[in-house]
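Residue numbers (the UniProt record's numbering), protein chains in the order written: chain A, 1 to 212; chain B, 1 to 212.
Simulated from the structure, these hints should not be mistaken for lab results.
Possibly wrong hints are sitting among the right ones.
With the C-beta cut set under 10 Å, the calculated list includes, among others, these residues of chain B facing chain A [as the list claims (entries may be wrong)]:
id, residue
1, M45
2, L67
3, L72
4, K73
5, Y94
6, S122
7, I131
8, L162
9, E170
10, E172
11, I200
12, L203
13, G208
The C-beta atom is built at its ideal place from N, Cα and C for all residues, glycine as well.
There are 2 protein chains.
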Amino acid sequence: MQLSPRQEKIVEIVKRHGPITSHQIAEMLNLTRAALRPDLAILTMSGILEARPRVGYFYQGRPARALVAEELKKIKVGDVKGLPKVIRYDASVYDAIVTLFLEDVGTLMVVDSEGHLEGVVSRKDLLKAAIGGTANLQTMPVSVVMTRMPNIICTTPEESVLTAAQKIIEHEVDALPVVRPVAGKEKKLEVIGRITKTTITRLFVELGTADR
Amino acid sequence: MQLSPRQEKIVEIVKRHGPITSHQIAEMLNLTRAALRPDLAILTMSGILEARPRVGYFYQGRPARALVAEELKKIKVGDVKGLPKVIRYDASVYDAIVTLFLEDVGTLMVVDSEGHLEGVVSRKDLLKAAIGGTANLQTMPVSVVMTRMPNIICTTPEESVLTAAQKIIEHEVDALPVVRPVAGKEKKLEVIGRITKTTITRLFVELGTADR
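Turn these sequences into a full structure, and let the hints guide you.
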């Protein structure tokens, strides 16, 4: 539930001074009681304030979890995305594993010679290839083991981090490439970042320590 | 959050005159804009003020982010932990890799014959072993490649998820075993669950959709 600035002010006042009459609130806000009435109605109906006859308004405790949800929805992928870690589609599986360790990431974005997204390769894909046994990791191209377009779950800078996190959970992946369309090339996507479970965990820590 | 007297004054000014530019605030306080900048940064980051480009500062009425932080701190590891996925310390690296795929997890807890925590083995550890080349994965015990006690970062059901997430980020691990002491056996820990980056991401999604 989105409160208006005036409703927020009313909540603050009741929190601090409650029990308080509508008359007193109106005075503090320099408003008439009539002007205040719709806001007070909304706040009591939503359960944020409680009105007791002949006593006044009490702060009931706001629906804190709804507020949290509201705040989380505001955060955009563009606010928190990390740098993309990429590898060329003609690199070997061995090169991909080495890059994974060097960059210390769990997922690499696979791109063509122009940097457009071709696929995504995860630690899991590479581990599967590594224990396959028959293949030569030095000569097998990474494109053989990657997940390829159009089966890649992507996100954009404008999307909410919440939606990106939902995609990660729903599709059981560790990372999403952050992409934007390439002008004049339909179906081609430029990789401009990544959102991973690490990004979300780090954001969780930042949000949880925002009051320090 | 405790505001300094100057920050209180700034809040008062923005409350009364907002939207107002930093230039105007500086003038009213007889300060330079440079002197004002740290205070404005704190007030906007804490969510008390909101800055809109080319318009100025608004009073937000409420440190929403502080509320979010408060709520996140309340969630305990015990509320969200997943089941532990374990393997015996004398299992082979190959068995560990197969278990990892079967259980579809990124990290396994390694336990002794009584189920007490001996180590932790990650996809990364196993991938490193798999490309080592020289060793036989079928005969090499997982205990050779795991991180072992007492170097394992653990958490408990009573700890906040926030603290657990901080440990994950700080120590650059994917998962923490949730443990409890074993009665009568000093230094022995029983594994009763796990917290991973997936747990945190799933929690983020739950919190973000709590108002639906």
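Each hint tested on the structure:
{"no.": "1", "hint": "M45", "result": "holds, 8 Å"}
{"no.": "2", "hint": "L67", "result": "holds, 6 Å"}
{"no.": "3", "hint": "L72", "result": "holds, 4 Å"}
{"no.": "4", "hint": "K73", "result": "holds, 6 Å"}
{"no.": "5", "hint": "Y94", "result": "holds, 7 Å"}
{"no.": "6", "hint": "S122", "result": "holds, 9 Å"}
{"no.": "7", "hint": "I131", "result": "holds, 5 Å"}
{"no.": "8", "hint": "L162", "result": "holds, 4 Å"}
{"no.": "9", "hint": "E170", "result": "holds, 9 Å"}
{"no.": "10", "hint": "E172", "result": "holds, 8 Å"}
{"no.": "11", "hint": "I200", "result": "holds, 5 Å"}
{"no.": "12", "hint": "L203", "result": "holds, 7 Å"}
{"no.": "13", "hint": "G208", "result": "holds, 4 Å"}
In summary, this structure violates none of the numbered hints.
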